[in-house]
Every structure is written in structure tokens, then in C-alpha cells.
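Protein chains: 2
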Amino acid sequence: MTFREYLTQQQQRIDAELERLVPKEATPPETIHRAMRYSLFAGGKRIRPILCLEAARVISPQAAGVEAAACALEMVHTYSLIHDDLPALDNDDLRRGKPTCHKVFGEAMAILAGDALLTLAFRVLSELEGVDAGRRAQMVYELAAAAGTPGGMIAGQVWDLEGEGKTPSAELLERIHRAKTGALLKASVRIGAICAGANAEDLEALSRYGGHVGLAFQIVDDLLDVEATPEQLGKTPGKDAAQHKITFPAVYGLEESRRMAEREASQAEAALERFGERAARLRELARLIVDRSA
Amino acid sequence: MTFREYLTQQQQRIDAELERLVPKEATPPETIHRAMRYSLFAGGKRIRPILCLEAARVISPQAAGVEAAACALEMVHTYSLIHDDLPALDNDDLRRGKPTCHKVFGEAMAILAGDALLTLAFRVLSELEGVDAGRRAQMVYELAAAAGTPGGMIAGQVWDLEGEGKTPSAELLERIHRAKTGALLKASVRIGAICAGANAEDLEALSRYGGHVGLAFQIVDDLLDVEATPEQLGKTPGKDAAQHKITFPAVYGLEESRRMAEREASQAEAALERFGERAARLRELARLIVDRSA
Numbered sequence: 001m002t003f004r005e006y007l008t009q010q011q012q013r014i015d016a017e018l019e020r021l022v023p024k025e026a027t028p029p030e031t032i033h034r035a036m037r038y039s040l041f042a043g044g045k046r047i048r049p050i051l052c053l054e055a056a057r058v059i060s061p062q063a064a065g066v067e068a069a070a071c072a073l074e075m076v077h078t079y080s081l082i083h084d085d086l087p088a089l090d091n092d093d094l095r096r097g098k099p100t101c102h103k104v105f106g107e108a109m110a111i112l113a114g115d116a117l118l119t120l121a122f123r124v125l126s127e128l129e130g131v132d133a134g135r136r137a138q139m140v141y142e143l144a145a146a147a148g149t150p151g152g153m154i155a156g157q158v159w160d161l162e163g164e165g166k167t168p169s170a171e172l173l174e175r176i177h178r179a180k181t182g183a184l185l186k187a188s189v190r191i192g193a194i195c196a197g198a199n200a201e202d203l204e205a206l207s208r209y210g211g212h213v214g215l216a217f218q219i220v221d222d223l224l225d226v227e228a229t230p231e232q233l234g235k236t237p238g239k240d241a242a243q244h245k246i247t248f249p250a251v252y253g254l255e256e257s258r259r260m261a262e263r264e265a266s267q268a269e270a271a272l273e274r275f276g277e278r279a280a281r282l283r284e285l286a287r288l289i290v291d292r293s294a
Numbered sequence: 001m002t003f004r005e006y007l008t009q010q011q012q013r014i015d016a017e018l019e020r021l022v023p024k025e026a027t028p029p030e031t032i033h034r035a036m037r038y039s040l041f042a043g044g045k046r047i048r049p050i051l052c053l054e055a056a057r058v059i060s061p062q063a064a065g066v067e068a069a070a071c072a073l074e075m076v077h078t079y080s081l082i083h084d085d086l087p088a089l090d091n092d093d094l095r096r097g098k099p100t101c102h103k104v105f106g107e108a109m110a111i112l113a114g115d116a117l118l119t120l121a122f123r124v125l126s127e128l129e130g131v132d133a134g135r136r137a138q139m140v141y142e143l144a145a146a147a148g149t150p151g152g153m154i155a156g157q158v159w160d161l162e163g164e165g166k167t168p169s170a171e172l173l174e175r176i177h178r179a180k181t182g183a184l185l186k187a188s189v190r191i192g193a194i195c196a197g198a199n200a201e202d203l204e205a206l207s208r209y210g211g212h213v214g215l216a217f218q219i220v221d222d223l224l225d226v227e228a229t230p231e232q233l234g235k236t237p238g239k240d241a242a243q244h245k246i247t248f249p250a251v252y253g254l255e256e257s258r259r260m261a262e263r264e265a266s267q268a269e270a271a272l273e274r275f276g277e278r279a280a281r282l283r284e285l286a287r288l289i290v291d292r293s294a
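From first to last, the protein sequence lines stand for chains B and D. Numbering-wise (the numbering used here), the first sequence opens with residue 1 and increments by one. Numbering-wise (the numbering used here), the second sequence opens with residue 1 and increments by one.
Keep in mind that the hints are not guaranteed to be accurate.
What the hints assert, rightly or not - With a straight-line cut-off of 30 Å between C-alpha atoms, the simulated DSSO-like cross-links for lysine-lysine are: (1) B:K24 with D:K166; (2) D:K45 with B:K103; (3) B:K239 with D:K103.
Just so you know, the hints here were simulated from the structure itself, not pulled from any lab data. Being a predicted model, the structure only gives us computed values, none of them experimental.
With the hints as extra help, turn the sequences into a complete structure.
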């Protein structure tokens, strides 16, 4: 199977599980379930859940409950996009080439749909079938720590908002991005590994992989905001510069940022050494994250 | 100890534990921790955490971890108030006599502070000290189900928003309130009981108590919106009628609503029979919920 075919297969696996886990559009109250599904099925690349599935597979070929755990990560990612896009935050009308949740369902419903996806993610982890309770509780902890404050996604979002217009510094930049995108990407890998019953050494190696992949991801995100076309991005590029956001290109320039992303990807691959051929897909995923054009 | 002294003591116990669990104001990013604490320590009555503590005490005099579990309920309650008060939802400027979170910290920070409190609640439950993992996972499940959709607080909030201006019906009214306030109040009792290791029969009896207390609470809330003064409420009364909300007084009238609240309180007390004198405080709490003036 080619890497492209593999990605499509994993995306279908995630979508089928999301379909099962999220209340149907016909379940009352219908509006919120439509809003949750609108954003969940808006064409996301499913990078976090695929990292979760693949980290689990490196540990154990058939880890029970891992599809649902992977979906919890996509729910948290989607909630963060819905709330980020709100007028009071980034005020984005377009996401993945489609109108954002609040443009379609109104602000009240978008706030509640985000809240509901975040809540559902924890519910899903708490009742994973075939996973012992100790690991379920640990996965809830990992997700909450990565998504919350201090140190997680919400903290990164606050630093990002407050950093607008401030003098960009390497220290602030790294702090923002470790929290804002890095924590959840790393948690995606860790939650997959925990779900599959990884021992401490394997979990530690996969965490290092996740940390480097997370930083690479954010550097490339910043580069794409400068270099990509609106068609590639599915949203308006150049917003970071317009809002005076602290980004890697703003601190290091384009060329050095590109080199840094490559370096992070190499370090991610190096962290996988102990797993040998079993980690081939994780290596390809690290490359994908650096080479993507959207 | 009088019931008043007991309430004060329990509130202090909760406040001390919240103080310990929530990031300090000086922890970066400071703004969001200030916003979270502003709303958490804005003079809430702590009804949900006190119900949790007391349900646990009926089962076991010294249940480990129950203070932190009780705080998780207050975090979810506070998050729901912060988001409900936003301009896109109920647009309230005043809560408990103080400016609402978004009036003080802005809309973006209020949205994120709510998100952060919800996330922290799950983190707290996932790592309760001295509670076995099976019960921790079950408590995460109970909280997520009660706070989410369908059937939980968010579903109730959606029905409530969509019900504005619709013809009030007894069926819609009960559906809204079972979900909107009833689910979390019932979960408060259940989570306390689970934390203390309740058996199935005791949990079932306490759930019935929680269900009746939850409905009584909402009926009285609706009555206070008609009958109380702004000083008593700490917010503007009469908003339900102005927004054409579906309330108990709107469907049943004031007198019958008052009788219904009394009936629910009696049924709550009846559900406690098997616990005898051990449940004296839970009986007093049911009375408090019906007799309160704010």
C-alpha cells in the first residue's frame, strides 16, 4: 500500500468512528448536532488521530479502543478551531474553504458546539471499550493537560492573543507554539501509545517524536501563511503578518524557518530508532508534516 | 453545629480546595488564570459541591478525593455561567451582583476561561488521589454525560435558546430543565456517591434524590426570576419573561409552581429513607433549595 493509500484508509477509519460516536443530526436538539458534525466533517486532514493510531500500532498491532481515542483528539482539535474562528477571537469567515461554524449556525450555537465537542472527547475516553480503567484515566489526564492551562493549548492561545503586536522573541515564540499546537500533537502520539499499553521507555521515545513533530508542524503552518495561495490553504493567507502575530518567519526569516522544520523532522525520525521498521509510517508522517502544502 | 454553620464550613472547605486546584494568578499566562478565579470566587453558593460532599459522607465518613471531585462540579457550573452570560447567548452584564467575566476581561478571554475551567474539571477527576482508576473513569463519564449533549446541560441550553418565543408546553419545559440544570445537580450527588464507593442500591436512591432536588432547584430559579428583587438575585430579574423563555410560572402559574417545588423536595427527602439519620444534612439541603431567596 502506498503512503497516499494508507492515509486515505486511515481517514476513512477515523470518519467511520466519528460517525458512530457523535450524536446523529436527527437526535434532538438537532441544531447542535448538525453544527458539531458540520465542523467535524469539513475536510480535516485527521493528522492528530492518524498520529494516535500509528503510535498505537507501533506498540501493539491491534490495540482495543484506539479508533475512539483518536476521535477524541479530532473532537478537541475541531472545538479549538470553532472557538478560535469566533469574532471575538480570530474572526475568520472561512476554514478549509467553507464558511466557519458561526457563519452558518450563529455565534451562540458555535460556542455551544465547541463546548459540546470538548465535553464529548472526555466522555469518549472515559468509556473506551476493552481498555483498562487505569489507562482510560491516564488518557483523560493527558488530553486535559494538553488542551488546558497552564502549558496546554488554551495557554498557547492566550499567549498568542496577547503577543499580537509585541516584539517577536525566540523565547516567546517557542513558548506559544509548544503550548498552542505542540501539546495536542504530542498528546496525540502519547494517547495512542498509552491506549496500546506502551512501557515507559517506548512512551518516552514516542513523546520525543511527538514533540519534534509538533514543532515542525507549527513552523510549516507559519511558513504556509506566508507562502501558500488561498486555494491551497482554504483560508486567507497573510493573516499572521496583518495581525502582527509572533511567527517563525517573523523571528527567523523564511529560509532559516524552513531549515528548522527540516531539523525538527529529522530529530522526530531519530527518536524512532528503537522501533526499526515498525515505525516506517510514523517516519512518513513526519515527512508529510514538513512537506505538506496546506 | 447549626445548618448555617455547616454551610459556611463546607463553603470554606470547597474554597480552600479550589484555591489549591486552580492555577495561581501569578502563573503565566496570568490573564486567563485571573479570569478563571474571578468567576470561580465571585460568591457562588457552592450548592453542587456541597451536594457532592454530603452524598459522599452518607456513604463513607472519610472518602478520599471528594473535595477535589466537588470542585470539578463547581468548575463546570462556573464555565457554564461564563459562556451563558456572553453577548451571543444571554448577554448578561451582571452575575451575583458583579460584572460578568466578559465585561471585565473581554469576550475572547471569557470564552477561553470557560473552556479552561471545563477542561480543568476533567483533569481534576482523572487524577483524584486515593480513588481507584475505575471510579475516576466513571466520574469523568458522569460529568461529561451531564454536561454535554444529548441529555445534558448543553442540550438543555440549546432547547432553552430555541424555545424562546415558542408556545410553552409542560413536555418541553421538563425536557429543558432536566437537561439544563437537573443533569448537573443529579451528577453532583452521583459523583459524590461514586467517589465514596457507593453500591448500586445506594447510588440509585441518591440519584432519585438528586433528580428531585434538581427539578426543585429549577422551579425555584424560575419563581425567583418573577418574585425576587435585583438585590436578592444579584442580577436583573424578569429576564425570562422579557425573553419569552419557557418557565414553570409561564406554564403552571406561580402558585402551582410553588406547590410543585414543595412536592419535588418531599420526594427528594423520601428517597433518602434507607439512610436514616445519616442523611439529615441532605434533607436540610433539599429544604434550602426550595426555601432560598437567591
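**Item:** Violating hint indices (sorted, rising)
**Value:** 2
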